[in-house]
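Chemist: Produce the complete structure using the sequences and hints provided.
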Amino acid sequence: MTSAAAISLDEVSKVFPGSVSPAVNRLTLTIPQGQILALVGPSGCGKTTTLRMINRLEEPTAGQITVLGHDHRSAKPHELRRNIGYVIQQIGLFPHHSVRRNMSAVLELLKWSPDRIEQRINELTDLLGLDPALLDRYPSELSGGQQQRVGVARALAADPPILLMDEPYSAVDPVIRKHLHSELLQVQARVTKTIVIVTHDIDEAITLADQVVVMAEGGTIEQQGTPEELLAHPATEFVREFLGRERGLRRLGLRTVGQILRSPSRSSVPADLEPEDLAPEDLARVTADTPLREALDTILTSGQTRAVVCADGQKIGFITIEHIAEALRP
Amino acid sequence: MNAIFNDLWGFISTADNWRGSNGIAARAQAHLWISFVATVIATAIAFPPALILAHLGKAPVLSVGIANIGRALPSFAVIALVLPISISLGFGLGFWPTCVALVALGIPPIFTNTYTGVANTPAALREAARGIGMTSPQVVMKVEVPHAMNVILTGFRISAVQIVATASLGALVGYQCLGSYVIEGLAQPTRARDRLLTGAVLIAAMAMIVDFLINRVEGHLTGWRSRLR
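As given, the protein sequences belong to chains A and B, one line each in that order.
Read the first sequence against our numbering and you will find it ends at 311, with the numbers running on by one and no gaps.
Read the second sequence against our numbering and you will find it ends at 296, with the numbers running on by one and no gaps.
The hints are simulated quantities; they were obtained by calculation from the structure and are not laboratory data.
Misleading hints may appear alongside valid ones.
Here are the computed lysine-lysine pairs in the BS3-like style, where the Cα-Cα straight-line distance is at most 30 Å [stated by the list, open to error]: (1) B:125 to B:209; (2) B:125 to A:57; (3) A:92 to B:209; (4) A:57 to A:92; (5) A:57 to B:209.
Here chain B is said to cover these stretches of chain A; the calculated rule only asks that three of the stretch's residues, wherever they fall, bring their Cβ under 8 Å from a Cβ of chain B [unchecked claim]: (6) 50 to 62; (7) 83 to 90.
Every residue gets a Cβ at the ideal spot worked out from N, C-alpha and C, and that includes glycine.
Modeler: Here it is as structure tokens:
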């Protein structure tokens, strides 16, 4: 069922009052269930407006939006929003409530019993790796990264099938951002939501998303595809420019050594691996989980043209610069 | 100085002065009562529209205008103005003319502070509240009002204290309250200096006590702010 559409936009336009040109212009987009889709583009491309139309924080001027098989106007806006998690850049935690009550805000709106809420808070604390000691603090007593986690916990509280995130990581510093990225992917691996994330950071989109939609000014789609497809075949000059330099290197960042080893099994020595190849101790070592970009760097830094692939301290193969070049070949 | 204190203490410590319909107890009670009624009416008139207008982001000019009118309006003049109307409508002297003036005095701080407090809710907070599925009334009651509670209560406190202090004017139109001691004292400044002093001190004390009590409530309701960094 992962290929079914969770959200679809059909010829959706938005013209803000007092504006001549549309913010979003006849946009048609299908968002598959259980995937992370990133809307990227420069400021003013209508990506945030597109996101906000999904949960009706903005009403489309024209077109139709279908959420989980229903026209999104078939329910009242506040009822629709209680079934769609929403995370914003400024997080917007309620400063007058404890972390616990922030996390249960939606559950209180849905009139869950206190016992059920308590149980759910425990699940969320575990899911997001929050320190339970933080639950009785106020948001202002938390660090930016912790606040962000609480914001996601609040959005996921009622276990909504859809999560909308509007520039969720723009306000945190790059180190924390990297942590939060991998945390989001871990959370997604456990709960499998349909996630739409708006960002102006193409690298963030490439890191997180299964599908990337590049939007251009005027609210139109330039290209939609997997990160790999985008980096390998940018459809237009705009996309090429937006993706920036080192597209090849960044594509290598999407795949791991394990994925291009001749033998996918980590425990067996590939058939074409000669015993003497395993001997040299001066070769650098990588693991099957190492991204190709990092493996290439390791090889180049070691002054060689190949590296040994190890698993649990055992040499299971080797990887050469040629192997890596091959990975980029169509 | 000592003589003044002795006058004051002599009057207050005489048990007879506390009794009867013109005693300290009765006048203090009447003083509190008219203040209470005026504060409740002022709140009922000022609070709801301020809340709604601020939530909708409407009429910022009006809110400032109301504050300025309030500052410019002398309570004494209001009493004088309302007195003949009250009499001709059958509401009589004393309570109602005074009460109207006090309500007029109490409205601006409550309105202005409620409006300002709610209008200054951070946009992200409102956005998050709507985004997680709060209805408009829920955004107001669960987010905007609690967030602005300290500003709202400050407005309420200013109104209440001003009303308590100004209720003394009621004595001028025949309302028996703590102001009556001041009037009686002023009529005979040499012979009734004890009354003058008693009135002045008790009015000030009552205003300060009301200020203190509301301050306590304020601290209790907005405790989260003390943990802001």
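Chemist: Confirm or reject each hint.
Modeler: Comparing the hints with the structure gives:
Note on residue 125 of chain B and residue 209 of chain B: the hinted pairing holds, with a Cα-Cα distance of about 20 Å set against a maximum of 30 Å. For the proposed pair residue 125 of chain B and residue 57 of chain A, the alpha carbon gap of about 25 Å is at most 30 Å, so the pair holds. Proximity of residue 92 of chain A to residue 209 of chain B is assessed by CA-CA distance (about 14 Å); at most 30 Å being required, the pair is judged to hold. For a cut-off of 30 Å, the pair hint linking residue 57 of chain A to residue 92 of chain A stands: about 17 Å separates their Cα positions.
Of the pairs offered as hints, the one joining residue 57 of chain A and residue 209 of chain B holds, with about 19 Å between alpha carbons and a cut-off of 30 Å not exceeded. Given a C-beta distance limit of less than 8 Å, the hint that chain B covers the region 50 to 62 of chain A holds, as 4 residues qualify and 3 suffice. A stretch counts as covered by a chain when three or more of its residues have a beta carbon under 8 Å from one of that chain; for the region 83 to 90 of chain A and chain B the count is 3, and the coverage holds.
In the structure shown, no violation is registered for any of the earlier numbered hints.
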